Amino acid sequence: MLPQILPKSKFDEFVGSLSADNRVVAPMAKGPAFAFQEVQTPEDQAAIRMDYDLSILPPKKFLMPQRETLLSFGGRGPENVQPQVQAKPTVILGVQPMDLHAIATLDAAMAKDPADPYYQAKRAVTKIVGLNVAQYANDYQFMADMDTLDAPASGWDLFLTDLGDRWFVEVGSEAGQAMITKCAGFSPAKSDDHAAKVAFDKAKAAACSKRLPYDARYLPELLANSYDSLLWNAVARRCFSCGSCTNVCPTCYCFDVQDKLGLDAASGERVRSWDSCQLRVFAEVAGGENFREHADSRLRHRVFRKGKFILERTGKPGCVGCGRCSTHCVAGISILETFQQIADEAAAEI
Amino acid sequence: MAKPRVSFHDFTSCEGCQLQVLNCEDELLGIVGAVDIVNFREAIDEKSDEYDIAFIEGAFTRESDRKRLEHIRKCAKIVVALGACACTGGLNVLKNFRGIDESMKKVYGEAASWYETSPALPIEAAIKVDVKINGCPIPKQEFLEVVKSVLAGRTPQIPDYPVCVECKLRENVCLFQKGEYCMGVVAKAGCNAWCPSYGGRCYACRGLITDFNKNAAKDVLAEYGLTLEQVMAEFRMFNGVFPVAEPPADGALKS
Chain L
3 MLPQILPKSK FDEFVGSLSA DNRVVAPMAK GPAFAFQEVQ TPEDQAAIRM
53 DYDLSILPPK KFLMPQRETL LSFGGRGPEN VQPQVQAKPT VILGVQPMDL
103 HAIATLDAAM AKDPADPYYQ AKRAVTKIVG LNVAQYANDY QFMADMDTLD
153 APASGWDLFL TDLGDRWFVE VGSEAGQAMI TKCAGFSPAK SDDHAAKVAF
203 DKAKAAACSK RLPYDARYLP ELLANSYDSL LWNAVARRCF SCGSCTNVCP
253 TCYCFDVQDK LGLDAASGER VRSWDSCQLR VFAEVAGGEN FREHADSRLR
303 HRVFRKGKFI LERTGKPGCV GCGRCSTHCV AGISILETFQ QIADEAAAEI
Chain Z
502 MAKPRVSFHD FTSCEGCQLQ VLNCEDELLG IVGAVDIVNF REAIDEKSDE
552 YDIAFIEGAF TRESDRKRLE HIRKCAKIVV ALGACACTGG LNVLKNFRGI
602 DESMKKVYGE AASWYETSPA LPIEAAIKVD VKINGCPIPK QEFLEVVKSV
652 LAGRTPQIPD YPVCVECKLR ENVCLFQKGE YCMGVVAKAG CNAWCPSYGG
702 RCYACRGLIT DFNKNAAKDV LAEYGLTLEQ VMAEFRMFNG VFPVAEPPAD
752 GALKS
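Chain order of the listed sequences is L and Z.
One point on numbering: in the numbering used here, the residue at position 97 of the first sequence is 99, and numbering is uninterrupted.
One point on numbering: in the numbering used here, the residue at position 204 of the second sequence is 705, and numbering is uninterrupted.
Quick caveat, the hints were computed from the structure, so don't treat them as lab data.
For clarity, every value in this text was computed on a predicted model and none was experimentally measured.
Every clue listed holds true.
No more than 20 Å apart at the CA atoms, straight line, and that leaves these computed lysine to aspartate or glutamate pairs for DMTMM-like:
hint, chain 1, residue 1, chain 2, residue 2
1, Z, Lys504, L, Asp266
2, Z, Lys719, L, Asp298
3, Z, Lys679, L, Asp141
4, L, Lys262, Z, Glu646
5, L, Lys262, Z, Glu528
6, Z, Lys629, Z, Glu551
Label-pair distances were calculated between CB atoms; the ranges are:
hint, chain 1, residue 1, chain 2, residue 2, range
7, L, Glu40, Z, Leu530, 28 to 36 Å
8, Z, Asp661, L, Tyr229, 21 to 29 Å
9, Z, Leu729, L, Gln84, 51 to 59 Å
To spell it out: a stretch of chain Z is covered by chain L in this simulated footprint if at least three of its residues, at any positions, have a beta carbon under 8 Å from a beta carbon of chain L; those stretches are:
hint, segment
10, 529-535
11, 655-666
12, 674-688
13, 712-723
Even for Gly, the Cβ is constructed at its ideal location relative to N, Cα and C.
When you get a sec, could you build the whole thing from the sequences and use the hints?
In structure tokens, the structure reads:
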């Protein structure tokens, strides 16, 4: 379907049409920051901020919640186990291009070896309305380098670009097309709309300059060369190992699983929650051995996951340049700065 | 199998952690169904020396308490330190930095010589402790986790990572981003980021994580305007028993 135009005056009507048979979640202010929250009331709808710059947690939280019950058990034996797959039809409104890329990474990671039924059940009933960005949210972002300034070719249903008094709406799927036909406010884009959209993207590309001193395709190899660098120890001296970087990361998907017992000490629930490779206990195994006992090896591991391992494993970027990890680091550790520094580390070794 | 016999004891404390046990209103019937409570001054009149699990609230602040603590240890198979006072000495440790004499005078005035006191310490200084439930007060869910784990015969799952983890999972706006400061970066989680979620800052009442980054804490707090003296005060508030709270000789914090 060709791109459509939605006048801004019809936006509320559009959101209303989505709410009819979906849970709608959208960016809203949270103190001085933004967070994706459920739109439940007319007040919530009025509070939607399609001009938000960056959400604290990525929209990942709707596909893989911070805490999720996997199964409940009434006692020993498989006959007492009841799987709990929760999946509510959901529209995530206002997902920025780099977060669309991140969801593509999660889709790939959760699709194999073995496929994750909990993620897939949610993903199957989730529709995504993307949102173009005009500029970087802060100095930590580097989407231009990671090639995530524009929406990926697929993995979203609608994609909105702000043209001032109207939304330029691209259609990415049949579900997206159905969303258009359910609301009377849309009309086909005309030539001046297309021109305005092209101008928007051109201005965006001009505003968002590259920030790495090298082409990102060399990132995995540069990282490999820097494995023994003193850089990791130097950066880790400031690191609290608090895990904020991974918890706000749109592509991190590591989790922990624990059984929560009832007072009868027999029944209970199996719960998974986000885990972080930055926590000291993450790589601790039975017997007390810890494969990454010190903060520097944990920090290096995260940076390698982001710049190398996830890409090699899934074919999708492990870092989309959103800058959340650096924005939320109390110690001010910036992954962009680290990526910049490894270029010189590698040069120094030659 | 007979129901485990459970006993509550208190030393130097406000007894708020035992109150937290009584605050487990939805679970209380389940608890009394699963265990026999034989001593609980805040809730029942009965007394007994026969029990399997002892929950001890309060700090060890009088030499004469050692005997009572040793007696509890002898009676119980499992000793659980209940709350900050029992686990780390809690707020009571503040007096250790003031000097005992000055504290006595301040509290008891001319009658100071009538009373006995010594530097506040965790109960571990007197007897072996098997499980610690940290916090001022304890989180109810952690008390329940320990009770359930003891009933099931397994190790309770108590976090040893910073409060930041729970704070981020709740998607709170970081206090540092608001220009304020917080001890969450070095404090043990398990409270579900209680204080930061309700507008306060973390005081590290649940103790410090293993291998916390003391120098990063000092540097970051200094960047947010705290003097070394104020950084020390933050550590002393609930964690005065740790070396990091001792006066630094050369400006460097002790590990």
